[in-house]
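Everything in the sequence shown is counted per this note's numbering, starting at 1 for the first residue and increasing by one.
Just so you know, the hints here were simulated from the structure itself, not pulled from any lab data.
Note that the coordinates shown come from a computational prediction; the quantities given were computed from them, not determined experimentally.
It is possible that some hints are incorrect.
Quick list of simulated restraints, FRET-style, between CB atoms [to be verified]:
(1) Ser284 <-> Trp136: 26 to 34 Å
(2) Pro119 <-> Asp456: 30 to 38 Å
(3) Thr150 <-> Ala416: 16 to 24 Å
The list that follows gives simulated cross-link-like pairs (lysine to any residue, SDA-like), each with its CA atoms no further than 20 Å apart [to be verified]:
(4) Lys521 <-> Val317
(5) Lys96 <-> Ala52
(6) Lys58 <-> Ser155
(7) Lys171 <-> Pro104
Note that beta-carbon positions come from the ideal geometry of N, C-alpha and C, so glycine has one too.
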Amino acid sequence: MKTSLRNGLVLALGLTSSVFAAALPKGQAIYQNDFEGADAGKGWAPAPRFEAGYQSAKAVAFAQTAEAGGGPAVANLPLPVEGMPGCVIRSSAMVKARDVSSKPNPWNGIKFMLMIETPEGTQWPQAPLETGTFDWKRVSFTTRIPTNATAVRLSLGLEKVSGQVWFDNLKITVAKPPMTHLPAPVARPMFKGHDLPRLRGAMIGPHIDAEGLRVLGQEWNANLIRWQLIRHLKPGQQSRLEEFDGWLEGELKRLDAALPYCEQYGLYVLIDLHSPPGGKATVSGYVGSDAGLFADRKAQDKFVEVWQRLARRYLNVPMIWGYDIANEPVEDRVEEDCDDWPALAERTARAIRAIDPRRAIIIEPAQWGGPSGLKDFVPLPVSNIVYSVHMYLPGEFTHQGVHKKGPPVAYPGEIAGKLWDKTRLEAALQPVIDFQQRYNVQIYIGEFSAIRWAPDNSAYRYLRDVIEIFEKYQWDWSYHAFREWQGWSVEHSEDPKDTARTAQPNDRQKLLREWFAKNQKPAWMKRN
Numbered sequence: 001m002k003t004s005l006r007n008g009l010v011l012a013l014g015l016t017s018s019v020f021a022a023a024l025p026k027g028q029a030i031y032q033n034d035f036e037g038a039d040a041g042k043g044w045a046p047a048p049r050f051e052a053g054y055q056s057a058k059a060v061a062f063a064q065t066a067e068a069g070g071g072p073a074v075a076n077l078p079l080p081v082e083g084m085p086g087c088v089i090r091s092s093a094m095v096k097a098r099d100v101s102s103k104p105n106p107w108n109g110i111k112f113m114l115m116i117e118t119p120e121g122t123q124w125p126q127a128p129l130e131t132g133t134f135d136w137k138r139v140s141f142t143t144r145i146p147t148n149a150t151a152v153r154l155s156l157g158l159e160k161v162s163g164q165v166w167f168d169n170l171k172i173t174v175a176k177p178p179m180t181h182l183p184a185p186v187a188r189p190m191f192k193g194h195d196l197p198r199l200r201g202a203m204i205g206p207h208i209d210a211e212g213l214r215v216l217g218q219e220w221n222a223n224l225i226r227w228q229l230i231r232h233l234k235p236g237q238q239s240r241l242e243e244f245d246g247w248l249e250g251e252l253k254r255l256d257a258a259l260p261y262c263e264q265y266g267l268y269v270l271i272d273l274h275s276p277p278g279g280k281a282t283v284s285g286y287v288g289s290d291a292g293l294f295a296d297r298k299a300q301d302k303f304v305e306v307w308q309r310l311a312r313r314y315l316n317v318p319m320i321w322g323y324d325i326a327n328e329p330v331e332d333r334v335e336e337d338c339d340d341w342p343a344l345a346e347r348t349a350r351a352i353r354a355i356d357p358r359r360a361i362i363i364e365p366a367q368w369g370g371p372s373g374l375k376d377f378v379p380l381p382v383s384n385i386v387y388s389v390h391m392y393l394p395g396e397f398t399h400q401g402v403h404k405k406g407p408p409v410a411y412p413g414e415i416a417g418k419l420w421d422k423t424r425l426e427a428a429l430q431p432v433i434d435f436q437q438r439y440n441v442q443i444y445i446g447e448f449s450a451i452r453w454a455p456d457n458s459a460y461r462y463l464r465d466v467i468e469i470f471e472k473y474q475w476d477w478s479y480h481a482f483r484e485w486q487g488w489s490v491e492h493s494e495d496p497k498d499t500a501r502t503a504q505p506n507d508r509q510k511l512l513r514e515w516f517a518k519n520q521k522p523a524w525m526k527r528n
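Taking the hints into account, I'd like the entire structure generated from these sequences.
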């Protein structure tokens, strides 16, 4: 039999509104409920239903029939936001499911989720749970609460699926408190990792050929490529550590074969570990920086070891600009014996520095490397770091038609209820601007794009505006992507049915080439 837990909210005393002065301490319980007491359903709306639990008499239960159309069967509970901003919160529960139907969208299904309100909008972090039937198991996820969070709610149940699910031994605790103070800016020259006025280039697919590198580096005059070490599996499939080394060596042989062409055409190379050890395949089918990377200590140790290997292999290769150690890290679930992303990034950076003291190490923030990730990020105490974000805001515009069909969305204009123009784009990038100016660090925009079939040449206008912002703040950048997936290609027209490259450059291609024309080439370029 399980031991009885206190039902309901657990509040810290003496809190103030100051995030750093009154944050909750590590291990503090914010909410815990074993659903055994008479007040087990207190605060939940609607009132939950109870059935037999995990080694106990009661658990909260939800059910939905297929005849009901898969409508929501959920209950919500407000949590006390005081003291939470800036903290990393761990939510855990025992969960059991029976006959849960397939999800219409990746974010639907069994809901074990927080809803976090901020002035910029709502965030919905949740536990990644499969469908079908499974017995009682522990499920957990971690969330970094934004420093400007105004409200937090917990949601349990089923969304747009049929079936049954039970929750028991629910607990929400502080996994990591925020920094008690921000580090002071360091008076030193800004480190870029190169001596050129700017790096401007593109992310490329690993199957690019010599002709593609010639076009990008010679004809278009790009001086940077972001080289993906990327692995594809079925969406949702977990990668296996024992297969990692064999896969990686095959990818590195492709890179090694391309390096002489990069030297010939003056292309710096950024090595992007797009698919690190322990990751799981995303909805797009590539293995991401998530899942086991933060839930398996062996995967984290492997991650550090892989970067030590790469640092040794490319130590004296001048074409390598730097190491982008993890693409779009997602720390949805950080187990207690594992490092969170800042700790893992620091451990890895120090391991690289012991081998290579000079080359740029590129760090992206969680979650997903977006601009807002730098709002609460603290610079690593390691030398020669360049900080990177990916710019796809607003996603309703940049990714329209990628995962599902919908009405056309134009830019500039009203998107998701807000007017998006160049001013709003710059406002969305404000956390990056503030981070750069406070800490005197170089910023690199590792990915940005807009889907080519955005209506009325909208993609061109969006790209024009974001690049002008990047240039205003002297950020290095790489477009996503060159000769990878045709949806992002500037060599293709706006017609999604036309999968052949156009004979004449379109406005998007002309725009990139106009900026590339300003590039200088590195001194190590092999000149005929």
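Now the hints, each set against the structure:
1. Ser284 <-> Trp136: 26 to 34 Å: Since Ser284 and Trp136 have Cβ atoms about 32 Å apart, the given range 26 to 34 Å holds.
2. Pro119 <-> Asp456: 30 to 38 Å: At 31 Å between Cβs, range holds.
3. Thr150 <-> Ala416: 16 to 24 Å: holds, 19 Å
4. Lys521 <-> Val317: holds, 16 Å
5. Lys96 <-> Ala52: holds, 11 Å
6. Lys58 <-> Ser155: holds, 19 Å
7. Lys171 <-> Pro104: violated, 29 Å
Violated hints amount to a single one, hint 7; each of the other numbered hints is respected by the structure.
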